[in-house]
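*Asks:* Residue strings, one per chain:
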Amino acid sequence: MQTALSVLVDSMLITFVFALAALGLAIIFGLMGVINMGHGAMLTLGAYFTWFATTKGVPFVAAVLLAAAGVGLIGLLLEHFIIRHFYDRPFETLLLTWGFFLISTELIKIAFGTDLRTVTNPLPGAAHFGSFVLPAYQSVVALISLALIVGLGVMLYRTGLGIKIRALVQNAEVASLLGLNVARAYKLVFVAGSAAAGLAGALISPMLSVDPYIGNIFLVRSFFVVIVGGIGQVLGGTLVGSFLIGGSETFFALFSGQVVAQTIVFMLAILVLRFRPAGVLRAQ
Amino acid sequence: MMLLELKEIHAGYGPVPVLRGVSLQLGEGEILGVLGRNGMGKTTLIRCIAGTLPLTQGSIHFAGQEITRLAPHERAQLGLTTVVQGRGVFPRLSVWENLEMGRIAAGGGKRSRLDEVIGYFPRLGERLRQPAGTLSGGEQQMLAIGRALMTHPKLILLDEPSDGIMPILVHQIAEILLQINRREGVAIVIVEQNVPMVFALTDRCVILEKGRVVAEGTREQVSQSAVMREYLAI
Ligand SMILES: Nc1ncnc2c1ncn2[C@@H]1O[C@H](COP(=O)(O)OP(=O)(O)OP(=O)(O)O)[C@@H](O)[C@H]1O
Ligand SMILES: [Mg+2]
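Here the protein sequences line up with chains A and B, keeping their order. Under my numbering, the first sequence is numbered contiguously, ending at residue 554. Under my numbering, the second sequence is numbered contiguously, ending at residue 241.
Keep in mind that a hint or two might mislead.
Part of the chain A face toward chain B, derived, beta carbon under 10 Å [as the list claims (entries may be wrong)]:
| # | residue |
| --- | --- |
| 1 | 433 |
| 2 | 440 |
| 3 | 447 |
| 4 | 449 |
| 5 | 451 |
Away from chain A, derived, C-beta distances all over 10 Å, residues of chain B [said to hold, decoys possible]:
| # | residue |
| --- | --- |
| 6 | 20 |
| 7 | 70 |
| 8 | 75 |
| 9 | 192 |
| 10 | 200 |
| 11 | 201 |
| 12 | 203 |
| 13 | 222 |
| 14 | 237 |
In case anyone wonders, no lab produced these hints; they're calculated from the structure. Where a beta carbon is used, it is the ideal one built from N, C-alpha and C, also for glycine.
Work out the full structure: start from the sequences and follow the hints.
*Replies:* Structure (structure tokens):
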């Protein structure tokens, strides 16, 4: 019973961390159709910015916000100088964002070195319920992740900005004929997705040791989350995808090692894609 | 002063020219019909005026300013809006959201014309929460026109509104377009193959054939032209 409960709670925590990590990708991929191979690097940058700022004495919360803004700014520059010229060419944007990943990873190594860095956990406590433990920081991050997803949902489905973005996704030409500045709207979405990735990297940084490849741990999972959940299902898809990927990973890890568990999960994800290519939420 | 003026415009796709020197003029609050058979360049003409296809030659003026090189959204912000062929409703937005998009796309701050639109098209009023993709073709056309009206335009470009709609509804839509034109003072350029629809709306039309205007004038003059007789005989 205790184990079942703790597996459930662990799965929920993992689900929300995965959802947080995947959110930026889901925004950019789901809304714009751009496969951002630089997503992992954006997570990494968010983690390093947080590490750097906290070592310089910036309080953790401010460091997280700075990291999100910094990665958002990098996303803005990337979009403005490169990506926006290639929106109608998905393969080129894939290669270009991959180039961004390679270059920024090298720059991170030059700037911060390859040593493992640690960001001090700002909330080291935990609540104990018998044998089962609820870590405070992870719980707060899960709540932030949930709040971001709900907030994004409210924005998309309850505001004028949301109407504009959904209209843009459904028919960009008609949106522009009604007066929408499509280039600016795409820019906004790309920056929002980048900032979300930066925020995710920042919030994840105290949970793991920070190295130049920390983002990659989440990159493949993020892609699976987005694809299993269903591309374009930015909210429900991200949550359901994260739960399936994160939950089953936690579950299988009970009976086998982490690596075996991940392999099983990826194989299951591939099966899902084979039989439900539009994602679990959407029948073809 | 003319509201819309095209001077000798040329445009096409790649090396193939489609429009080869089209000139047109339209005053404020006027309705102009552009007739032409399939593939004669009607949609191409609309796209040139709306700004989604660049000209290779010629110029376009709208409301006292040259717009030849403006982006579609900049033209829309000046009061030139377009109802595309096939209507282009946002299928997964509700009817209300489609209409609201018309009001806010250019930045919001405009007075909502929802009541007027529902007055013209009561069927939309009964379906405000319905996803636009589930409307019938005729209802989608009403929605597209209503949405255009929500942008507070000076000019609406209509690309074959009769396409795929039964004749009785085409007639109703023409009536409502006339009302909109009279009450709101909106000018209309309507591109059509459906001759009765155009004649129900306006006296002034041109015939487009192989990228050129081959006849121009009042309904009577155009009806008498050799091209039109050939056209109606088909
Ligand atoms: N995107 C495109 N690329 C290449 N050629 C095109 C393109 N769009 C249209 N054409 C060609 O340009 C010509 C004019 O097309 P257009 O769509 O303007 O005709 P139309 O008068 O609107 O026809 P319809 O009544 O069928 O809508 C046609 O020969 C068509 O094949
Ligand atoms: Mg056409």
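*Asks:* With 10 Å as the threshold, tell me whether residue 237(B) passes as away from chain A on beta-carbon distances.
*Replies:* Residue 237(B) clear of chain A: closest Cβ-Cβ about 33 Å, beyond 10 Å.
*Asks:* If I take the minimum Cβ distance from residue 222(B) to any residue of chain A, is it greater than 10 Å?
*Replies:* Per Cβ check, residue 222(B) is outside 10 Å of chain A; nearest 29 Å; holds.
*Asks:* Would residue 75(B) pass as off the interface with chain A, using Cβ distances and a cut of 10 Å?
*Replies:* 17 Å, holds
*Asks:* Given residue 451(A) as an interface hint, is its Cβ closer than 10 Å to any Cβ of chain B?
*Replies:* 5 Å, holds
*Asks:* Once the shortest beta carbon distance from residue 449(A) to chain B is found, is it less than 10 Å?
*Replies:* Result: holds, 3 Å to nearest chain B Cβ.
*Asks:* Any CB of chain B closer than 10 Å to the CB of residue 440(A)?
*Replies:* For residue 440(A), the interface hint holds, since the closest Cβ of chain B sits about 4 Å away, which is under 10 Å.
*Asks:* Should the label of residue 70(B) as a non-interface residue stand, given a Cβ cut-off of 10 Å to chain A?
*Replies:* Answer for residue 70(B): holds, closest chain A Cβ roughly 15 Å.
*Asks:* Hey, is residue 201(B) genuinely clear of chain A, shortest beta carbon separation above 10 Å?
*Replies:* 22 Å, holds
*Asks:* Just checking, residue 20(B) versus chain A, shortest CB gap more than 10 Å?
*Replies:* 15 Å, holds
*Asks:* Taking C-beta pairs only, is residue 200(B) more than 10 Å away from all of chain A?
*Replies:* Its Cβ never comes within 10 Å of chain A, the nearest being 22 Å, so this holds.
*Asks:* Can we trust that residue 203(B) is non-interface, i.e. its beta-carbon lies farther than 10 Å from all of chain A?
*Replies:* The assertion about residue 203(B) holds, with a minimum of 27 Å to chain A.
*Asks:* Given a cut of 10 Å on the nearest C-beta pair, is the interface hint for residue 447(A) held or broken against chain B?
*Replies:* Since the shortest Cβ distance to chain B is 5 Å, the answer is holds.
In the structure shown, no violation is registered for any of the earlier numbered hints.
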